[in-house]
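Engineer: Since chain A is already given, all that's left is putting chains B and C on it; use the hints.
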Amino acid sequence: MNYTYYKEKRLLHGGDYNPDQWLDYPEILEDDMRLMKLANVNTMSVGIFAWSALEPTEGNYNFEWLDKIIDDVHKQGGRIILATPSGARPAWMSKKYPEVLRTNERREKMHHGGRHNHCFSSPVYREKTQAINRELAKRYGNHPALIMWHISNEFSGDCHCDLCQENFRTWLKNKYKTIENVNKAWWGPFWSHSYSDWSEIESPSSIGEGAVHGLNLDWKRFVTDQTIDFYENEIKPLREITPEIAITTNFMADTDDLIPFQSLNYEKFSKHVDILSWDCYPAWHNDWEETQDLAAKVGFINDLYRSLKQQPFLIMECTPSGVNWHNVNKAKRPKMHKLASMQLLAHGSDSVLYFQWRKSRGSSEKFHGAVVDHDNSSENRVFKEVSEVGSALNNLQDIKGSMKESKVAIIYDWDNDWALKDAQGFGLESKRYPQTLQEHYKYFWNKNISVDVVTPSADLSKYKLVVAPMMYLMTEETIKNFKSYVKDGGNLVGSYLSGLVNENDLTYLGGWHKDLKDIYGIEVKELDTLYPKDRNSIEFNNKKFEVKDYCSIIDLLGAKSLAEYKDDFYKETPAITKNILDNGKAYFIGARTNQDFLSEFYDSIVNDLDLIETNDFESPKGVSIQIRENETNKYYFVMNFTEENQDVIINNLYEDLLTNEKVLGSRVLKPYEVLVLRKSK
Amino acid sequence: MNYTYYKEKRLLHGGDYNPDQWLDYPEILEDDMRLMKLANVNTMSVGIFAWSALEPTEGNYNFEWLDKIIDDVHKQGGRIILATPSGARPAWMSKKYPEVLRTNERREKMHHGGRHNHCFSSPVYREKTQAINRELAKRYGNHPALIMWHISNEFSGDCHCDLCQENFRTWLKNKYKTIENVNKAWWGPFWSHSYSDWSEIESPSSIGEGAVHGLNLDWKRFVTDQTIDFYENEIKPLREITPEIAITTNFMADTDDLIPFQSLNYEKFSKHVDILSWDCYPAWHNDWEETQDLAAKVGFINDLYRSLKQQPFLIMECTPSGVNWHNVNKAKRPKMHKLASMQLLAHGSDSVLYFQWRKSRGSSEKFHGAVVDHDNSSENRVFKEVSEVGSALNNLQDIKGSMKESKVAIIYDWDNDWALKDAQGFGLESKRYPQTLQEHYKYFWNKNISVDVVTPSADLSKYKLVVAPMMYLMTEETIKNFKSYVKDGGNLVGSYLSGLVNENDLTYLGGWHKDLKDIYGIEVKELDTLYPKDRNSIEFNNKKFEVKDYCSIIDLLGAKSLAEYKDDFYKETPAITKNILDNGKAYFIGARTNQDFLSEFYDSIVNDLDLIETNDFESPKGVSIQIRENETNKYYFVMNFTEENQDVIINNLYEDLLTNEKVLGSRVLKPYEVLVLRKSK
Amino acid sequence: MNYTYYKEKRLLHGGDYNPDQWLDYPEILEDDMRLMKLANVNTMSVGIFAWSALEPTEGNYNFEWLDKIIDDVHKQGGRIILATPSGARPAWMSKKYPEVLRTNERREKMHHGGRHNHCFSSPVYREKTQAINRELAKRYGNHPALIMWHISNEFSGDCHCDLCQENFRTWLKNKYKTIENVNKAWWGPFWSHSYSDWSEIESPSSIGEGAVHGLNLDWKRFVTDQTIDFYENEIKPLREITPEIAITTNFMADTDDLIPFQSLNYEKFSKHVDILSWDCYPAWHNDWEETQDLAAKVGFINDLYRSLKQQPFLIMECTPSGVNWHNVNKAKRPKMHKLASMQLLAHGSDSVLYFQWRKSRGSSEKFHGAVVDHDNSSENRVFKEVSEVGSALNNLQDIKGSMKESKVAIIYDWDNDWALKDAQGFGLESKRYPQTLQEHYKYFWNKNISVDVVTPSADLSKYKLVVAPMMYLMTEETIKNFKSYVKDGGNLVGSYLSGLVNENDLTYLGGWHKDLKDIYGIEVKELDTLYPKDRNSIEFNNKKFEVKDYCSIIDLLGAKSLAEYKDDFYKETPAITKNILDNGKAYFIGARTNQDFLSEFYDSIVNDLDLIETNDFESPKGVSIQIRENETNKYYFVMNFTEENQDVIINNLYEDLLTNEKVLGSRVLKPYEVLVLRKSK
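Residue numbers (UniProt numbering), protein chains in the order written: chain A, 1 to 681; chain B, 1 to 681; chain C, 1 to 681.
Just so you know, the hints here were simulated from the structure itself, not pulled from any lab data.
The reader is advised that the hints may include incorrect statements.
Pairs count within a copy or across copies, as identical chains cannot be separated in the list.
Said to hold, decoys possible - Derived pair list, reagent style DSS-like, types lysine-lysine, alpha-carbon separation capped at 30 Å:
id: 1; residue 1: Lys431; residue 2: Lys384
id: 2; residue 1: Lys96; residue 2: Lys175
id: 3; residue 1: Lys109; residue 2: Lys421
id: 4; residue 1: Lys464; residue 2: Lys271
id: 5; residue 1: Lys621; residue 2: Lys109
id: 6; residue 1: Lys173; residue 2: Lys109
id: 7; residue 1: Lys109; residue 2: Lys184
id: 8; residue 1: Lys335; residue 2: Lys400
id: 9; residue 1: Lys96; residue 2: Lys173
id: 10; residue 1: Lys447; residue 2: Lys335
id: 11; residue 1: Lys578; residue 2: Lys173
id: 12; residue 1: Lys96; residue 2: Lys177
id: 13; residue 1: Lys184; residue 2: Lys95
id: 14; residue 1: Lys525; residue 2: Lys670
Only chain A is shown next, with the shape it has when bound in the complex (with noise of 0.2 Å):
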């Protein structure tokens, strides 16, 4: 589809605008305009949380103010991404219709308050975001301003009310078709939990059912769904009115960890968005992690979001300085809002937009991060930070649309992430998925390799190398897709706890599964779970590497052993194994071990495979070199992630970018220094 948005050929510089707290206000409302200019930004995303300055009461509408806004904005040559309201609705909706106030786990209805806390499936609720969508569409949808819908904001969370109980039911019926097949897929019979009857199914609950594991599974799968379907009932009238405007939801990630957003499946959500946007709020220089561990993570999950839809994503939200909901608050370095920025970039990004344009007054976001402080100046260090970046957004508008190109693969999956959360068994805080991915996804980090972080129904041929640790749900069909790309010469890397159960959290029976035999060349006899303190170690390539928390007793069927355990009853038995079949490979990691362990062992796959990208650059560790390209180019972001000056030497003629200098041979890079060098191909 071809979207006006494509028509716009500036990168995004902006970020989220709520004018409609400063109504009262019209000299704050003049400066903004005018502060717009000198920050060097082109676009706004209104209309966030503005419901009850659009629909005061209900069915009265006031649309003035945002006319004004909109108009304004587009005088200055301004673009606007323009959100629906559903994130929160005015207190007299609550009051009136108690039905679209969310009910919790413990079927306790919640009272009006916060945000992102809906009922999603409440005719009434439903009925309303619908009107006042279609208002919005009608009144905005020509104007030559809108780029986007913002459908929304953060989608989160679930409600257990009557309404959302029976549509789970239904969901169920269209799924499992009968009661009987619901008992064998979720093993009913244990401790007499099959069920008789439709109506006896409830959500899980902290006061009720929490033990079964097909259902808390089903509940989440519903859960994602149910979200999309609220969505896609927010969008009809803007499908119906507005076809050519692009519509997104802004996606997040969760924890200090930055690991993929844990209660919706993204990957589903994806398919329903035109344009994947998210909200991206790395902890910059906390006190537990180098600047380039964190910058690794920044990567992992940017490389997750750009994978789902192989497209650029926009970031919708980030902060110029700090944020207000972290423990520690801490602001942006000098320096680090650019580095950060052009990161984004790096790894597919085609805008930096913020939360938020100007820090509101009262409230509990009033000292969230914002372009424009409270002092309303343009002369402090976070508006002249955002305004460089805005210049050096204006540089790189030849990057836009361009992608990356990968060769390996990193497998993550919602699915596995919920079942092996909810896992009984093994070490119930030692699983650690999502972060165990990033470990292995630092180690490309480290090398300047592309990596694509795909789901496991991914076309996987297009990959030298896949990565699929932990893959402890399988489907057949993820093991089939798997056996394929290694006959037909994929390389393959898998670990401890793979393989154990279906799509249903059931298990597979009579050993390991047939074609997991196959593909490893190894059958896994037991799997061992340490202590915290418990350690063993293996031997791989004449070094010793420290193991911990799992350790798989292997029997070889063919494959080789690479690393034997060094300690315990099963010492000197395989712990690493490599096999082939047909024509290509596969590895197996049956122990966790720490990062030195990784480094070595992916060291000899990517000789092996010829995975390093250029050999323009020699750089030192912590500078990270991530490529993006388009038909005519290719885009080199060189981004300094330490705190010291770092040489780099570069073995070809580039120029850069942001300055428009020549650069070739030693290059200084100064703490947090980027250059995005072009090279066309």
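Structural biologist: For chains B and C alone, kept in the frame of chain A given last:
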């Protein structure tokens, strides 16, 4: 009563078997029979949690599958322990009769789910359980394979619904007769908590009453009585139809420390079972204690549960490998399963029964250790070790029914534990009553001295030494019992935090109880409570020992001081005392010490009382020797609970029942090795 | 008002007495009278929690027991503080009138139990409390023993029932007049939180609204006002019938840190009591701080509570030994009770009253320290130390009514504390406003300089130095007050995290408030928030001091920099500044420092302002000297808060009121020893 069970001469080996989960997998059910033989298994516990398979919809019973299972087990010489299914109910019942659902202490009606969560008062649930139990008794009561009833599963928890409130009030009326008596017993005027009418009394709640300690204590007593009452209702049809079939229900331990189960008074409950059985799950090979430290805790709790009925007991559940509900679920190392099984026998078990025969395919216990793994193989390590234990048990049948003879008793009291934990004062986290008993116990375990762990009303006259620390709650009867015991020549050890309150948690007035002063020959003037980092020390036998947590400040009234404090304002005052009362002696340990002092302290008493049971063995620390005996023989379990070889010197000729070899002189025990030696009396 | 209380010339010694718990034990009641004399006790607080004894069933009063107690106390020269019983209600009332029960913030109706848990709005409860209070006033108002009313007990907590919601809305209407004003004050449009009608407003809830900081702040203000309103309703009959009897209610401190009570604004409440009284429970002899560190905290909070009314106050409760609700309940070491009692006097108390006279026999406070223990003895250590304190108080009557004269004020503000804790941003766990004030206070305590702890609206003109750190919330009035103070010659110390929001928690716009810039001669450009392990440092007086948590980045607008940062991107910029404004000086501490810097910093100011109060004493650290004075005399409390002997040199002739000896020259103070020296003016 000469129960059918006693006609079975074999030690029971087998465990929880859930064919109802596999009715769609006939090949698995066939394999089960084949594998049982290979595993040397002779007993299957069936029907636990099978209600939805037995009565899929209300009143429609389905016994055919169970008929076949019981017949198949019988055909190959196996025995059946048949469970009543009340541990979990079908969903149709919760749906149709919500009264069967438990109400939690916040007065929330729970939703259907989980297990062990019915209301113990519900007339409907009582009727439904009797009905199905009657069917089971009628159908299987005469089956030659049946040896025991397994009532429900792991009774626990409480219900706060209106029916239970009413039953609680009735229970109180029976106990106290008048509301004035309740007010006196619970010290009603405190905080105006006097009641004017029975209807004002409610169970304790975190959103209601929590400060009335007498109420808290009586509620716990009521919960035990009401649980037993439910159980007695359950077994009525069984007693009526199958009077010759012994009845048990499986008890539990609590926490990683393997302390006695906290929420029910098993002293009372044990009087209602014919055979005591329990579920034993130590966290072997953990990373916070030595194997021998954990083994001593296993000894303690088995000695308690054996002493409750002064009979051999059954281990109804243990795991052949790991569990799935510890924080880390580590598998038993090779040889540990055999050692751990023998230890259970050594302390009085006549069985090694497992949870579970076969790992289920789905839901929350699918990774709990089992005899048969998902690979369905008889060749894996766990299966082979189980089979070896089965073979060993066949060699040990002679032991069945034999007992332990102990000259030492340690006192454990549920009422005291409840009252002490609830006590506002002292150190809220440093009381650790059961753990303190384990520390005293450990001395005797290290010395291979048999111990009974008995309740305060036990006949103490048979013991040379009675150890009763931290008896915060002591009834007049207990004090009398102790006094007579000492006067008649007994040796008593008491400690700090003793004798403060009576059975209603009311303090004794006028200073320490006169009889306690008589017994110990001291008065406790103050009890100093120390902060976690505070330390004092005492001097005993010219050696200095650290003390912590609690220091009694003592006046001598005739006792002799054995040790004095070295520090603080009570420096040079008595900390450890010894008193002679008529023919007996009473020791008072005024301060909390470490194991080093207990060892020094008890050494002299053990010498004094000649408590060493045999000089036939010279064994190092970590090797435990436990004796069972019957009219003709003594059986010595010699068990190496260390990870090293240990030399044992055997000064007399014995027969090793496991190998049928004669042993004499020096013998090296490998790690985890065990000998079971017989000598005729 | 010339209250009867002022006719009593003795310092009050005695405390909470609960004869209603002992009506079945007449011998105990007799002993009480005998023991009171031995304990040198002159005042008993009775009737606290006696409602069920006074009105066992609705409308049936029973005063006979109380008649006798009051007469008995009177007969031996004692005085009565008579409590209203509303701190806990009889069960019959909760049963018959459930509206008296509180509703928690999750909107759960609480069940009967505990104490301090009535709804403050309930018309029934208000009527019932007035009724019984009227009876008490009529019956005892003229009793010659009566010297004070003790209203309820330790008011605290809040209720969220429909009645309270309605009262909250009325309170808001009175304050804001229109719903538009509410929306403006609470920054309504944020997250669409504008209200269209008063009925939409609800109190904050963890299952409802929590993000509207203006609402949170107003709710806390309402809770204080509603609590006072309840209290005013309670005392109506007392004012009417007994206008000459002074009224108090006992205030509290919060947490182990002894910070000001958090849930009620005592500044407001103090205006409604005739005499301020409070309950002081420091955890003496703990294992995490020096005795002198804790003593400084005790000083701080006593100075705050004294300053609220600028009168001597009463210690209504303290413990003669330990409490029962700390995590570890350690008894006071010998001599500590006397020292701690004298410290309370030294800071302005005219009493040493205990919770409790006698340990109760049952329920949750039976192990709380008391004058009379369960042994009923006058011979134990605690009793004898209490008696000694009573004797000392008899020697100190001269002191009654004397005050402290301070030249230094520290500002404490409840609104600021509430708003700052609620602020989303900065370090969520590092704000520690009250603890930071304690650190500043400690400098002066160490130097034996008297401090008033006052609220922002106080008349500051009487102070030479005003210390006001972390004033996040400052009203325009406060800023004006501070500015005039400085201009008129005052010396002001402010700090990081000051002046960000106004009384509605709305930020000041346009940069730092103009008057703050004038006062401090600086502009704060950024406030850097550090992670816990982050450190920076500053150089001051040629010494280097560590800073942490918060660093203000400062532009000088006329102020002089006293210290600069040594590190980070704001290296070499001002951290500590000094400004001269007309006749005064204003210091700004931009970063959080340790005690070492505060000491160096304040030393120069103290020298500059000549704040040292006397040169008569040379004393080491840990010896605190506090002065009270009246028209004729000064009283010097010289207190050794260390566990070692300390040499004090006394350069002038004094009389020690405790021993009636003259002292001059070198004097060794033993551990915990205290002198009370008098010098006529």
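Engineer: Is it within, between, both or neither when you check lysine 525 against lysine 670 at 30 Å Cα-Cα?
Structural biologist: Only across copies: lysine 525 and lysine 670 sit 25 Å apart there, 52 Å inside one copy, limit 30 Å.
Engineer: When Cα atoms must be at most 30 Å apart, do lysine 184 and lysine 95 count as within-copy, between-copy, both, or neither?
Structural biologist: between (43 Å within a copy, 21 Å between copies)
Engineer: With 30 Å as the alpha-carbon cut-off, assign the pair lysine 109 and lysine 421 to within, between, both or neither.
Structural biologist: both (27 Å within a copy, 28 Å between copies)
Engineer: Measure nothing new, just compare the shortest in-copy and cross-copy C-alpha distances for lysine 621 and lysine 109 to 30 Å and report within, between, both or neither.
Structural biologist: Close neither inside one copy (52 Å) nor across copies (58 Å); limit 30 Å.
Engineer: As a check of your reading, is lysine 578 near lysine 173 (CA-CA no more than 30 Å) within one copy, between copies, both or neither?
Structural biologist: neither (44 Å within a copy, 74 Å between copies)
Engineer: Treating 30 Å as the Cα threshold, decide for lysine 96 and lysine 175: within, between, both or neither.
Structural biologist: between (35 Å within a copy, 26 Å between copies)
Engineer: Between lysine 96 and lysine 173, at a C-alpha cutoff of 30 Å, which is it: within one copy, between copies, both, or neither?
Structural biologist: Only across copies: lysine 96 and lysine 173 sit 22 Å apart there, 33 Å inside one copy, limit 30 Å.
Engineer: Quick one: lysine 335 to lysine 400, C-alpha cut-off 30 Å, is that within a copy, between copies, both, or neither?
Structural biologist: Within one copy only: 23 Å inside, 65 Å across.
Engineer: With 30 Å as the alpha-carbon cut-off, assign the pair lysine 173 and lysine 109 to within, between, both or neither.
Structural biologist: both (26 Å within a copy, 28 Å between copies)
Engineer: Pop the pair lysine 96 and lysine 177 into one bin, within, between, both or neither, using alpha-carbon distances up to 30 Å.
Structural biologist: between (37 Å within a copy, 24 Å between copies)
Engineer: When no copy is named, should lysine 464 and lysine 271 be tagged within, between, both, or neither for a Cα gap of at most 30 Å?
Structural biologist: within (26 Å within a copy, 70 Å between copies)
Engineer: How do lysine 431 and lysine 384 come out at 30 Å by Cα distance, when the copy is not named: within, between, both, or neither?
Structural biologist: Between. Shortest inter-copy distance 29 Å satisfies the 30 Å Cα cut-off; intra-copy 44 Å does not.
In terms of the numbered hints stated before, the structure departs from hints 5, 11, listed from lowest to highest.
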